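So you can see what is in the structure, the chains are spelled out below.
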Amino acid sequence: MLDERLDEVKGKLLKSASLVERMVEKSVRGLTRRDEGLLLEVIEQDEPGENELEVEIDEACIQLIARYQPQARDLRTIMMISRMNNDLERMGDEAVNISEGALFLIKRPEVKPLIDIPKMAKEARKMVRDSLKSFMEEDTQLAKGVCQRDDIVDGLRDQILRELITFMASDPTTIERSNHLIRISRSLERIADLSTNICEDVIYMVEGKTIRHGRFGE
Amino acid sequence: MEGTVLRTADLSAYFGDNRVVKDVTLSILEKMVTTIMGPSGCGKTTLIRCFNRMHELVPGARVEGEVFLREEDIYAINPMIVRRRIGMVFQRPNPFPTMTIYDNVIAGYKLNGVELSRAESDRIVEESLKKAALWDEVKDHLRRKGTFLSGGQQQRLCIARALAMNPDVLLLDEPTSALDPKATAHIEKLMTELKKTVTLILVTHNIGQAGRVSDFTAFLYLGELVEFGPTDQLHTAPRDKRTEEFLTGKFG
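Top to bottom, those sequences are chains A and B.
Quick note, in our numbering, the first sequence goes up one by one and the last residue is 234.
Quick note, in our numbering, the second sequence goes up one by one and the last residue is 237.
There's no promise every hint is true.
SDA-like cross-link-like pairs, simulated, lysine to any residue; straight-line CA separation at most 25 Å [unchecked claim]:
(1) B:180 / A:21
(2) B:226 / A:81
(3) B:235 / A:109
(4) A:28 / B:200
(5) B:180 / A:17
(6) B:180 / A:84
(7) B:115 / A:18
(8) B:174 / A:123
(9) B:116 / A:19
(10) A:123 / A:19
Non-contacting residues of chain B with respect to chain A, defined by C-beta distances greater than 10 Å in every case (computed) [to be verified]:
(11) 2
(12) 24
(13) 60
(14) 174
(15) 197
Hint data in this document are derived by calculation from the structure and do not stem from the laboratory.
From a predicted model like this one, the values you see are computed outputs, not experimental measurements.
Don't be surprised by glycine CBs; every beta carbon is placed ideally from N, CA and C.
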């Protein structure tokens, strides 16, 4: 009945999260190793797969609400799955943005050695993984930890921006490439933000408390 | 059609001149729960009573069109045999009041004059009560009257009685309308178990129940089959405006 079908949807959400995490990993690996094949894989195969999963999960949530009229925690869970699904799809879109930028960059000389972007990607991927782990295990402590780690990613993004501004100011021929790198760091920062959204949803699902928009600890 | 256990073709049912079921054509898939849903008086019960030839028992009632059970025209088969192959459970639990729990389960055999050995009858009683999820509650009281049980247990006893005949199809006519929420939940859970072995056709005006238990849903309105399809689709995006209005409580 409802419990079994809810488990099925949770399974699909997990599949979607693991696909998105792979997309992020491949898009950054494609950039650092200058591997066009990996980048095209993200755009041409992974993204349509993720879109399909999003539609499936979305339809399943609507069906569960229509058929079982869930209440209380069941209702919160379904609503949160629906929001997480949307967040994961947007993360997938960001991975595509990274791949598109990377396709431009790998055909041109490096502005600088890539150090902080892989670091940011590693942190963002861990946040994606942990956000879903907190959902599956209903671990609100882990969820709160992920929300706090968002600052690390924000810090790395600011550092990349400062550094690239210096490069652009001293050598205007790097502007276009630097701009692509800034957009990639912005995409990674968005992925981390969307992971914190998922964690906020997990806290609401488990505890029934809203911590969005700075309502932490209220 | 592959997987179809029961199908109707242009089926109409009358009480005298009053046509209460109008040209219904539908196919019921094997080992699925199909719900027939609709407001009171729309012909749901009459429709399923045509499936096991009970409608014709009412004076002045008649049927037009065809009903096939595994592609056999049921109106060309002895009605007693049809009713053995298509069992029925009614709104109010109706165990035979003078019979024990044990005898209630095998009543179908007794009333049909079928002789069973003791071992065989013990086996049928145990299996049927287990399938109806009642065995554990009554195994030590099989010789007590069926009416000694609670309403929900009595309804499961009636389900066991119908299952004892090993039917192809089980018709459930609002089987939980006289039961409390707990007993209702028990029967709904039972339905999802039973469909592994028998095809279930459920009549209900309870939209929630139709959603919770059925794989396919038919919406009947004023005797007409308005819409029939997978429950997931019918409950989220019905094609007909009347189905939409019924589901959203605009009528019925």
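Verification of the hints:
1. B:180 / A:21: holds (17 Å)
2. B:226 / A:81: Holds, at about 20 Å.
3. B:235 / A:109: violated (41 Å)
4. A:28 / B:200: Satisfied, since the Cα-Cα distance of roughly 21 Å is no more than 25 Å.
5. B:180 / A:17: holds (13 Å)
6. B:180 / A:84: holds (19 Å)
7. B:115 / A:18: holds (24 Å)
8. B:174 / A:123: violated (61 Å)
9. B:116 / A:19: holds (22 Å)
10. A:123 / A:19: Judged against 25 Å, a Cα distance of about 51 Å means the pair is violated.
11. 2: It holds; residue 2 of chain B is separated from chain A by about 39 Å at its closest Cβ, greater than 10 Å.
12. 24: Label holds. Min Cβ-Cβ 19 Å, cutoff 10 Å.
13. 60: For residue 60 of chain B, whose nearest Cβ neighbour in chain A is about 35 Å away, the distance exceeds 10 Å, so it holds.
14. 174: violated (7 Å)
15. 197: Its Cβ does come within 10 Å of chain A, the nearest being 6 Å, so this is violated.
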